[in-house]
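Asks: In order, the protein sequences belong to chains A and B. The numbering used here numbers the first residue of the first sequence as 284 and each following residue consecutively. The numbering used here numbers the first residue of the second sequence as 284 and each following residue consecutively.
Bear in mind the hints are in silico, worked out from the structure with no lab data behind them. Careful: at least some of the hints might be erroneous.
Note: identical chains are not told apart, hence a pair may lie in one copy or across any two.
[Unchecked claim] Here are the simulated lysine to aspartate or glutamate pairs, DMTMM-like style, with alpha carbons at most 25 Å apart:
no., residue 1, residue 2
1, Lys377, Asp404
2, Lys324, Glu343
3, Lys288, Glu336
4, Lys324, Asp338
5, Lys377, Asp303
6, Lys376, Glu445
7, Lys377, Glu343
8, Lys324, Asp366
Here is how the chains run, residue by residue.
Protein chains: 2
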Amino acid sequence: MPSRKPRPGEVTVELPATYDAGIYFIGRIRTPWDRREDCPKNSGESQAVCTIEVDARYAEALRDIATVSHLIVLYFMDEAPRDILVQAPNHYKKPHGAFALRSPARPNPIAASVVRLLRVDGLRLEVVGLDCRDGTPLLDIKPYFASIDAVPDAIVGWHAAERA
Amino acid sequence: MPSRKPRPGEVTVELPATYDAGIYFIGRIRTPWDRREDCPKNSGESQAVCTIEVDARYAEALRDIATVSHLIVLYFMDEAPRDILVQAPNHYKKPHGAFALRSPARPNPIAASVVRLLRVDGLRLEVVGLDCRDGTPLLDIKPYFASIDAVPDAIVGWHAAERA
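Using the sequences plus the hints, can you model the full thing?
Replies: Written as structure tokens, this is what we have:
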């Protein structure tokens, strides 16, 4: 597991000795950003076209995907430290809990990003809305249902307060 | 891994012999539904209050969570078969690819649900918007940012066509 030196105000934890379940990498995400430090701070900052490459083994699971306008993409941020519970990202004023942040650093570094699907070409999906490093392992692709996933009036209070 | 007899039109796959990464169960989700077959078909069908119980080990990661109105909850659907790539859910007319469905059956059975946060009481979060079995393992909690997560005009074409 990658780790880094804690910043002032950060809190780390001793993680359990063993995992509780296993996951498969089902493909890779191709992006313009080779290193973590080159990535946009969040997906809203970039309109770059990225490509989701699904392993041939899972080809059949893509049936009907081309009819979907937006996807929820789950991927594994394999370079993130997993033991930071309170984190002080450089671009915020104060430290915050990992579960109140979208930072990659969390016990299970699984990102969930909403993307717009531009085109399907066999095992390759061109999308807009990702902010991860080139080569990031893919975990899942889901259709985005506005009826259950869209909450335009949702509020992140601490975030609004820091920007005010 | 749980499995079940394939239905007509379904396609299964031989999964890899080993996992690529491990995940921790960081808590449990308490719901009114003891068995999979009692659960609502999707979270939009229920206004039941459910409780997310976070393990004491991760308490610090909850800092500032009470200021967030909606969360994205990731959890592990440990009773779902992982080898079904094309699936024929009873309530749809035709089989569809796992990546075009929100079914628990998928290579990595990780659900992503948007919930409304009602109350935080120590390690317990009362929420509305879950549809999983009581005792489901928790993987992650994230703040929902309307700016990147809300897409009210998203379309799932195959789904709209089947309802037309």
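Asks: Work down the list of hints and note, for each, if the structure agrees.
Replies: Quick rundown of the hints versus the structure:
For the homomeric pair Lys377 and Asp404, the shortest alpha-carbon distance between copies (23 Å) is at most 25 Å, but the shortest distance inside one copy (44 Å) is not. Taking the shortest alpha-carbon separations for Lys324 and Glu343, only the inter-copy value of 23 Å comes in at or below 25 Å, while the best intra-copy value is 34 Å. With identical chains, the CA atoms of Lys288 and Glu336 are never at most 25 Å apart, being 34 Å at best within one copy and 30 Å at best between copies. In the homo-oligomer, the alpha carbons of Lys324 and Asp338 never lie at most 25 Å apart, since the shortest distance is 28 Å inside one protomer and 29 Å across protomers.
With identical chains, the CA atoms of Lys377 and Asp303 are never at most 25 Å apart, being 32 Å at best within one copy and 35 Å at best between copies. Taking CA atoms no more than 25 Å apart as the test, Lys376 paired with Glu445 passes inside one copy only; the shortest distance there is 7 Å, against 49 Å between copies. For the identical chains of this complex, Lys377 and Glu343 are inter-copy neighbours only, at 14 Å across copies versus 46 Å inside a copy, given an alpha-carbon limit of 25 Å. Proximity of Lys324 to Asp366 under the C-alpha cut-off of 25 Å is restricted to the intra-copy arrangement: shortest distance 21 Å within a copy versus 35 Å between copies.
In terms of the numbered hints stated before, the structure departs from hints 3, 4 and 5, listed from lowest to highest.
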